[in-house]
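> Chains as they are written, first to last, in the numbering used here: chain A, 261 to 902; chain B, 261 to 902.
Check each hint, because a few of them may be wrong.
Since the list gives no way to pick out one identical chain from another, each pair is judged satisfied if it fits inside one copy or across any two copies.
Claimed, not checked - Pairs of lysine-lysine residues, derived as DSBU-like cross-links and limited to a Cα-Cα distance of at most 30 angstroms, are as follows: (1) Lys806 <-> Lys512; (2) Lys812 <-> Lys512; (3) Lys812 <-> Lys604; (4) Lys806 <-> Lys676; (5) Lys806 <-> Lys604; (6) Lys676 <-> Lys604; (7) Lys812 <-> Lys289; (8) Lys812 <-> Lys742; (9) Lys289 <-> Lys806; (10) Lys806 <-> Lys513.
Please keep in mind that the hints were generated in silico from the structure rather than gathered at the bench.
Number of protein chains: 2
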Amino acid sequence: MAVNVSRIKRTLIGEPFPTHQESHERLDKVRALAVFASDPISSNAYATEAIMSVLIVIGVGALRLTMPLALAVMGLVLLVVFSYIQTILHYPDGGGAYTVTKDNLGETPSLFAGSALLIDYVLTVSVSVSAGMRAVTSAVPELLPYSVPMALFAIILLTWVNLRGVRESGTVFAIPTYLFVVGVLVTVLLGLVRISGMFGLPYPVNPVHAVEAAAHPASTFLFIWLLLRAFAAGCTALTGIEAISNGVQAFKKPEARNAALTMVAMGVIAMSLFIGITYVSTSLHLIPYEEESILSQMTRAVTDGLPGGRFLYYWVQIFTMLILVLAANTGYQDFPRLSSFLAKDGFMPRWMQNRGDRLVFNGGIITLAIISSIVVMAFRADEIAMLPLYALGVMLSFTLSQSGMFHLMGRISHLKPGETLKTQVTTIHYERGVWWKRALNGVGAVVTFVVLLVLIATKFTEGAWLIVIAIPALVYGFRAIKRHYNAVAANLSTQTFDTHEMREIADAVIVPVAAVHRGTLRALRYASMWSDNVCAISISTDAQAKGRLLAKWAEFPEITDSIHLEIIDYEYRDILTPMVEYIINAANVTYAGMLVTVVIPEFIPERTSARFLHNQTANLLRSRLRHYDNVVIIDVPYLVQG
Amino acid sequence: MAVNVSRIKRTLIGEPFPTHQESHERLDKVRALAVFASDPISSNAYATEAIMSVLIVIGVGALRLTMPLALAVMGLVLLVVFSYIQTILHYPDGGGAYTVTKDNLGETPSLFAGSALLIDYVLTVSVSVSAGMRAVTSAVPELLPYSVPMALFAIILLTWVNLRGVRESGTVFAIPTYLFVVGVLVTVLLGLVRISGMFGLPYPVNPVHAVEAAAHPASTFLFIWLLLRAFAAGCTALTGIEAISNGVQAFKKPEARNAALTMVAMGVIAMSLFIGITYVSTSLHLIPYEEESILSQMTRAVTDGLPGGRFLYYWVQIFTMLILVLAANTGYQDFPRLSSFLAKDGFMPRWMQNRGDRLVFNGGIITLAIISSIVVMAFRADEIAMLPLYALGVMLSFTLSQSGMFHLMGRISHLKPGETLKTQVTTIHYERGVWWKRALNGVGAVVTFVVLLVLIATKFTEGAWLIVIAIPALVYGFRAIKRHYNAVAANLSTQTFDTHEMREIADAVIVPVAAVHRGTLRALRYASMWSDNVCAISISTDAQAKGRLLAKWAEFPEITDSIHLEIIDYEYRDILTPMVEYIINAANVTYAGMLVTVVIPEFIPERTSARFLHNQTANLLRSRLRHYDNVVIIDVPYLVQG
């Protein structure tokens, strides 16, 4: 049975990798862009629609405000991108928000950053997978009722691939990312051409003809409030930007410079698509509705009636789906890695820092899979409904990491030319022009903080409250775990340890016996070999069974003669209680301060499936004795065929 | 933690009972009737409707055939009742179908009887609880959407009551049973009065006016087929009849005679209600439909417009619900008892014969609760849909037990006056008039067998196929379990046991060590006390950790000097495999034929909730070593605060 489980595991997960085989592939800029940018670029599948689905509340006419809001989001993205370049250049070994915050602002802020990011990584998986399935159901509406099982299947697939260990060649990632970018760019350009009437192409047919009407909100306050909410919704475009700062070491030399350039390219590409999609879809007066995504509507309208149009439409839908699955995959890279950092620092269960056979963090991968599946089920794979929970974490971590950089720049400004300063994780040199870099980080911190407040305020009742509660709750959990580990370490420490203060070991062995058979005889013999003071104890609930036991006992004097047999009469059914009481009395009273040994005879059916046929007495006894520090348990097995 | 679990259990289940406190209450006939007859009497809540819901397929006019079919069912019931009286008189210690069949026809037929009855007991619970909830929703249609959760709640309640141990005074059972009987009798009589126009009472208003039309089935064959199906449906009235034969010992002296008289009374009462309900409801031209049961329709029509009519209506509905819950409760008595018989004979897991603290068969009760809940959910608490699965088991067990009685009567007929014969479980004396009793049992066996075939044939595609597969499958399972227990007993038997052929115990102890701390030091010390040949083994995956381990090891020469430390370098992550291989190699090669001892140091966090924070290495190692007969495992605990 054990062999079979392990064989199944091998088949599914693959043969183990030796530890030294950790991947050290270096990525050129073209591949790196694809690996790191799938998350922010894929946000284009839903970011425009997220803004529109808030504006539609004001009225169809308000949809024309999508474009200015998209430009505001773009401004924010560029600000974050440029201030993150500073992080990359100063933390070439990897400067995720957790690391930068810990290095500059201390433990508590870093735990907030870590907690915020972990939650966002979960949502990256749930949102991306759900949006990916929406790309499928937009093209094939018949699949709409199956979006939840499809999304769960995608999560299972991602989990499986990641447990096997992705040895990504970069190329695998590059293909769908670039084909998505090309597909959407072509669509946007084609849309612009058709809208402008160039080359004599006809104006695209809008599938849903909406009556354009003036926006008429109930009040100015409500109008501004809805604008802020729409802007907040668009901020989902910012998720995933921090990924490059974590992965500087994956770039070819010079790592930091290449990473910074890739960051810029990522910002430019993602924002071109974002603005392009927003412009074309608002020009076509598209209206968001649940059955079909805006991107699908736009592509359908633009490609309609053109030779090869269907091909382009399916191209965009297929690569939208694929890039979204890749984006979900970045969650599978980030969550387990950040968990392992936190586990290494003692804030998460230690097993989360263990790599499995395939050198991946199994614990983190499985935890992520479970939580993101729950989110998908709770929201019935509706990514637009999940968005209010999303982006909050990322914005908090931006604020914290920018504040950290602001602090670091302050320290650099005190350096004289040629001086260097070592922080916990990086080395900083004197540099010129610090003041404007510091200003940039400062502005970045303030702006992202303001946006964070806007996000919390406008999305609060729609679900953001959950995140507002969850982030500090997680931080509390981190601290509780750390306290526990500290206590354990202090308890186990040999610092002040003197071997003379160790517990004495009592020369007394207790053997619980239910009947005399080959298994118990073996256990009794084993016990007598270790000690001259063996006591067999049996609980008797009826006189007949007692008589049988005594008769059997007398049959094997070679073994039983040297053993004291104690039979306790008991009139209740629960025979474990008097057994445990006897043993604990021996340990706490008779041999107080010493270790007492209990030998448990246990017969083990060869077939695992037969285990449920046997009384779980031995297991229950063991689990009840586990709580006692002064009881040593010896399992003497007796394997039984059949 | 353990303390809390046990406290919760005490609160829910109550304080344990001493073993000698088993209930030996003797029931007078009035109470016994109520205790044993709730199941057959409660069938009246749905038996008439079951017939009608098949006839309606032919046409509304065919409903007039309900009465003749009900009379046929009654004939069958009376035949079974009278031939069961023979069983009661010859098996005064309790003659369930399993016992009678085993005693007369042998093991295989008895297993079929047992399997059939177990399945039917599960259905007794599912059907009765669902029908009980239908009595509620017929009166309060607003509750209709909640019938599944209500039914599950009723099952949980029954489970809880039965786990506490029902110390039924008989009186508790008598009240709802008799009040149901009285309520329905009054309704039926009132119906007869109103239909006949006596005392000037108006003719009842039929809520659904149906046009009476001639029956026009597609073909004669189909017509007969549907008649047979309707008859088969009515046979659900037969379930629960065998209960008295199991419980003869619960009667006051003379037990067998009182039991037989009670059986007759039960048959008469149940059939009076059955025929009465059928007559009144067909006279009123009621039509079965899902939202309201026939019994509820009839009561509503009969009581309509009369002073106190609403009171009588609610009376009938409330006591219908209560008697059905009591009927479900008989499943909770019968299933665990029969399971315990089968377990005692080695055909079911042995723990099913253990009584819990409260002297009830916990294992059987919980198994029954789980399976009947699944049935309720699968059929969405629609008892009419469950009926095709029901009554098959009971009919098979009737056939088998009647055949058994036929066989027994044959043996009696060979006795001479004054002679007695002992079977495995009963003593038979010479008696007169055996031939007609034998004929009665023979006719009973043949008729129930024919009805069984009709049931299978007519209900097959509606779900009976499931039972036709399940019964032999269960029998196969029983046999497999028995084989396993026989093999285990042979393996453990000391019959041919010679203490000289026992395995030697190797004077060698292996201690797996990951790091040197207070916990491992305690384990090492314990090991050195038992043996001079202790080997600590550690798996090293990196050189740094190895250096630390060696340094720590050297710090405690008082303990470690006498111990050989073996460090195995390993380049994969799964450190358990080389550990297990080393130990198994020692056990199978170095100390071949002997018992090898492994000491596992294990630190145990005081709080159970903190367990998940620690590596499960010790648990995994233990579970992988469990499969080896020649490895003894010693757990040396080290309790850690925090």
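> Compare the structure with each hint and give your call.
Here is what the structure says about each hint:
Neither within a single protomer nor between protomers do Lys806 and Lys512 lie at most 30 angstroms apart by alpha-carbon distance, with minima of 79 angstroms and 33 angstroms respectively. In this assembly of identical chains, Lys812 and Lys512 lie within 30 angstroms of each other by CA distance neither inside one copy nor across copies; the values are 77 angstroms within and 41 angstroms between. For the identical chains of this complex, Lys812 and Lys604 are inter-copy neighbours only, at 22 angstroms across copies versus 57 angstroms inside a copy, given an alpha-carbon limit of 30 angstroms. In this assembly of identical chains, Lys806 and Lys676 lie within 30 angstroms of each other by CA distance neither inside one copy nor across copies; the values are 90 angstroms within and 43 angstroms between.
Taking identical chains as interchangeable, the C-alpha atoms of Lys806 and Lys604 lie at most 30 angstroms apart only when they sit on different chains, with a minimum of 19 angstroms there against 56 angstroms within one chain. Taking CA atoms no more than 30 angstroms apart as the test, Lys676 paired with Lys604 passes in neither setting, with 35 angstroms inside one copy and 89 angstroms between copies. In the homo-oligomer, the alpha carbons of Lys812 and Lys289 never lie at most 30 angstroms apart, since the shortest distance is 80 angstroms inside one protomer and 47 angstroms across protomers. Proximity of Lys812 to Lys742 under the C-alpha cut-off of 30 angstroms is restricted to the inter-copy arrangement: shortest distance 24 angstroms between copies versus 55 angstroms within a copy.
When the C-alpha separation of Lys289 and Lys806 is checked against a cutoff of 30 angstroms, the pair qualifies neither within a copy, at 81 angstroms, nor between copies, at 39 angstroms. Taking CA atoms no more than 30 angstroms apart as the test, Lys806 paired with Lys513 passes in neither setting, with 81 angstroms inside one copy and 33 angstroms between copies.
Taken one by one, the earlier hints fail for this structure at numbers 1, 2, 4, 6, 7, 9, 10, listed in ascending order.
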